[in-house]
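Read in the UniProt record's numbering, the sequence shown has 245 at position 245, and its numbers run on one by one without any break.
What the hints contain is simulated information worked out from the structure, not anything from laboratory work.
Incorrect hints may appear among the rest.
Below 16 Å or equal to it, Euclidean Cα-Cα: the simulated EDC-like pairs (lysine to aspartate or glutamate) are [what the hints assert, rightly or not]:
id, residue 1, residue 2
1, Lys118, Glu58
2, Lys190, Glu208
3, Lys190, Glu169
4, Lys118, Glu52
5, Lys190, Asp218
6, Lys190, Asp150
7, Lys185, Glu208
8, Lys185, Asp200
9, Lys118, Glu174
10, Lys190, Glu178
11, Lys190, Asp200
12, Lys190, Asp85
13, Lys84, Asp150
14, Lys190, Glu174
Quick list of simulated restraints, FRET-style, between CB atoms [as the list claims (entries may be wrong)]:
id, residue 1, residue 2, range
15, Asp236, Gly257, 17 to 23 Å
16, Glu219, Glu262, 27 to 33 Å
17, Arg217, Gln40, 47 to 53 Å
18, Ala50, Leu188, 36 to 42 Å
19, Glu262, Ala231, 42 to 48 Å
20, Gly43, Ala65, 30 to 36 Å
21, Thr232, Thr171, 48 to 54 Å
22, Leu188, Arg279, 58 to 64 Å
23, Ile216, Lys190, 18 to 24 Å
Nothing here was measured: the structure is a model prediction, and the numbers come from that model.
We put the beta carbon where it would ideally sit given N, CA and C, even for glycine.
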Amino acid sequence: MNLIDNESIGPSTGEVLSRRSSARDAAESDGRSSLQIYLQDIGQTPLLTAREEFALAERVRRGDAGARDHMIRANLRLVVRIAKDYAQYGLPLADLISEGNVGLIHAVDRFDPRIGGKLSTYAAWWIRQAIRRAFAHHARAIRLPVHMLDRIARLRRAQASLSEQFGREATTDELAAELQAPVEKIALWKSAGDAPFSLDAAVGTGSESRRLSETIRDERAPTAFTQLRDATTARDLRAIIATLDVREATILRLRFGLDGDEPQTLHAVSLRFGITRERVRQLERRALQNVRNAWAFRERIRTREEIALDERHHRLRAVVREFVAARPARRSRPVGWNLRSLGASDR
1 MNLIDNESIG PSTGEVLSRR SSARDAAESD GRSSLQIYLQ DIGQTPLLTA REEFALAERV
61 RRGDAGARDH MIRANLRLVV RIAKDYAQYG LPLADLISEG NVGLIHAVDR FDPRIGGKLS
121 TYAAWWIRQA IRRAFAHHAR AIRLPVHMLD RIARLRRAQA SLSEQFGREA TTDELAAELQ
181 APVEKIALWK SAGDAPFSLD AAVGTGSESR RLSETIRDER APTAFTQLRD ATTARDLRAI
241 IATLDVREAT ILRLRFGLDG DEPQTLHAVS LRFGITRERV RQLERRALQN VRNAWAFRER
301 IRTREEIALD ERHHRLRAVV REFVAARPAR RSRPVGWNLR SLGASDR
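Starting from the given sequences, assemble the full structure and let the hints guide the process.
Encoded structure:
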């Protein structure tokens, strides 16, 4: 894992990293990750005092590569701290640190100590900009604007601070009070900060493993009821169209593609029958009206049948209730009865 681009920071830092590569290989054999080794390495460089920072910055302005290397290594912990604010947004922490290091390098090259201020304050902006560019290019399946990333980072810091303070996860109202933002905004930032799931992700293990997409219900898939309803409707329509005049029925089939073919235009149908397009439109309109009338008649008949069926069911339920009410109540047996005593009484 190359967390610093050797070419962009000059030969001095590149040589230092090269000398450390063998030590890293040995440490990785002990089970530690490259990130853990890197964090241990950067902790060996002490932080700079204000006087040391000013002196090194002046040397950097004069082209001192060693001073430039020292300033970069002394501020690498700042990159790690800022990168952690953007973790869990779609990029690994190591990649965030790598991008942030590029921003730190630009800040060291452009820092002018005579203007005033600390390098850490100046470099923080460059580090965040570099990390944001990484997100804009390849961090998320759904790209978030930069200002939203900043608000999500503030939300994460507030969550961590309040969780440590209360000993539990902070509520939405507590986060809203801490960040002085409406509850609706807090909910929006929370949902925007959630990483999207891949529908191809594996769910389960072994022989029961399957893709996440296979466990999600397809709302567009027809249910058994809709399939039965559509089949019944299609059957009734075919029966009604079969009662029409042959030419009217054929025009409807051609215009709406009822036989599984593509719907045809008025011009194509007019050529087939040798009539004008206006005449085809008139016949189509008349055929549709006949279908509507026949459909309405069927619905009236169906409604009468359903009403009659409901009345029969109602009468049957009334008869059953009267029969149950007329039956004498069953006498309960004494608690002490058993099969032996029952057999004795029968004898």
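Status of each hint after checking the structure:
This hinted pair checks out: Lys118 and Glu58 have alpha carbons roughly 13 Å apart, not beyond 16 Å. Between Lys190 and Glu208 the CA atoms are separated by roughly 32 Å; this puts the pair beyond 16 Å, and the hint is violated. Only pairs whose Cα atoms come within 16 Å are accepted, and Lys190 paired with Glu169 is accepted, the gap being roughly 13 Å. A hinted pair counts as satisfied when its Cα atoms are at most 16 Å apart, and Lys118 with Glu52 qualifies at roughly 11 Å.
The suggested pairing of Lys190 with Asp218 is violated, with an alpha-carbon distance near 26 Å, which exceeds 16 Å. The straight-line distance between the Cα atoms of Lys190 and Asp150 is roughly 12 Å, inside the 16 Å bound, and the hint therefore holds. Distance hint between Lys185 and Glu208 is unfulfilled; the C-alpha atoms sit about 40 Å from each other, more than 16 Å. A C-alpha spacing of about 31 Å is found between Lys185 and Asp200, which places the hinted pair above 16 Å, so the restraint is violated.
Restraint check for Lys118 and Glu174: the C-alpha separation of about 33 Å exceeds 16 Å, so the hint is violated. Restraint check for Lys190 and Glu178: the C-alpha separation of about 15 Å stays at or below 16 Å, so the hint holds. At most 16 Å may separate the alpha-carbon atoms for a hinted pair to count; Lys190 and Asp200 exceed this at roughly 24 Å. For the hint pairing Lys190 with Asp85, the CA-to-CA distance comes to about 14 Å; that is within 16 Å, so the pair holds.
Using a Cα cut-off of 16 Å, the hinted pair Lys84 and Asp150 holds, with the two alpha carbons roughly 13 Å apart. For the given pair, Lys190 sits about 14 Å from Glu174 by alpha-carbon distance, which is consistent with the 16 Å threshold. The given range of 17 to 23 Å is respected by Asp236 and Gly257, whose C-beta atoms sit roughly 18 Å from each other. Checked against the hint of 27 to 33 Å, the C-beta distance between Glu219 and Glu262 comes to roughly 28 Å, which is consistent with it.
Take Arg217 and Gln40: their Cβ atoms lie about 49 Å apart, and the range 47 to 53 Å holds. In this structure, Ala50 and Leu188 meet the distance hint of 36 to 42 Å, their C-beta atoms being roughly 41 Å apart. A C-beta distance of roughly 22 Å is found between Glu262 and Ala231, which places it outside the suggested range of 42 to 48 Å. Checking the proposed 30 to 36 Å range against Gly43 and Ala65 shows it is violated: the Cβ atoms sit about 23 Å from each other.
At about 52 Å, the beta-carbon gap between Thr232 and Thr171 stays in the expected band of 48 to 54 Å. Our hint of 58 to 64 Å for Leu188 and Arg279 holds, since their Cβ atoms are close to 60 Å apart. Taking the beta carbon of each, Ile216 and Lys190 are about 22 Å apart, inside 18 to 24 Å as hinted.
Consistency note: the structure conflicts with the earlier hints numbered 2, 5, 7, 8, 9, 11, 19, 20.
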